[in-house]
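Colleague: Sequence:
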Amino acid sequence: MRWQESHSPGPALAYFEHTEHGPLPVDITSVNTHRLSELTPQILQLQAGSSIEGYVTNLRDHYPTMPEDADVDVVTFRLSAPNI
1 MRWQESHSPG
11 PALAYFEHTE
21 HGPLPVDITS
31 VNTHRLSELT
41 PQILQLQAGS
51 SIEGYVTNLR
61 DHYPTMPEDA
71 DVDVVTFRLS
81 APNI
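Numbers 1 to 84, taken from our numbering, label the letters of the sequence shown in order.
Because the hints were derived from the structure by calculation, they are not lab data.
All figures in this text were calculated on a predicted structure; none of them were measured in a lab.
By construction, the Cβ of each residue, glycine as well, lies at the ideal position given by its N, Cα and C atoms.
Do not rely on the hints blindly, as some may be mistaken.
Now the in silico label distances, taken between C-beta atoms and shown as ranges [as the list claims (entries may be wrong)]:
| no. | residue 1 | residue 2 | range |
| --- | --- | --- | --- |
| 1 | Gly10 | Glu53 | 19 to 25 Å |
| 2 | Arg60 | Ser80 | 17 to 23 Å |
| 3 | Gly49 | Gln4 | 25 to 31 Å |
| 4 | Ser30 | Ser50 | 26 to 32 Å |
| 5 | Glu53 | Gly22 | 29 to 35 Å |
| 6 | Thr40 | Arg60 | 17 to 23 Å |
| 7 | Leu13 | Ala48 | 28 to 34 Å |
| 8 | Pro41 | Tyr15 | 32 to 38 Å |
| 9 | Pro11 | Glu53 | 31 to 37 Å |
| 10 | Gly22 | Ala48 | 27 to 33 Å |
| 11 | Asp69 | Pro25 | 30 to 36 Å |
Take the sequences, apply the hints, and build the full model.
Modeller: Here it is in structure tokens:
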């Protein structure tokens, strides 16, 4: 999930925080915009029992100036073929 960043379907580099991995080539498969208040576990593709609240809290830590009623982009991706 991203706020005020520009993403579009196609090849990209993904950076995963708090991991020992460097940037990984990925293929962005979709970018869909949703209001924070409209997010569901299904939209975020969360596992059963996972918390939307925790996810949004982490997002706010990453974007401290993000408003309460922000529109965010849910970016869906898969590892690029050479990394599978």
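Colleague: Please list, smallest to largest, the hint numbers that this structure does not respect.
Modeller: 1, 2, 4, 8
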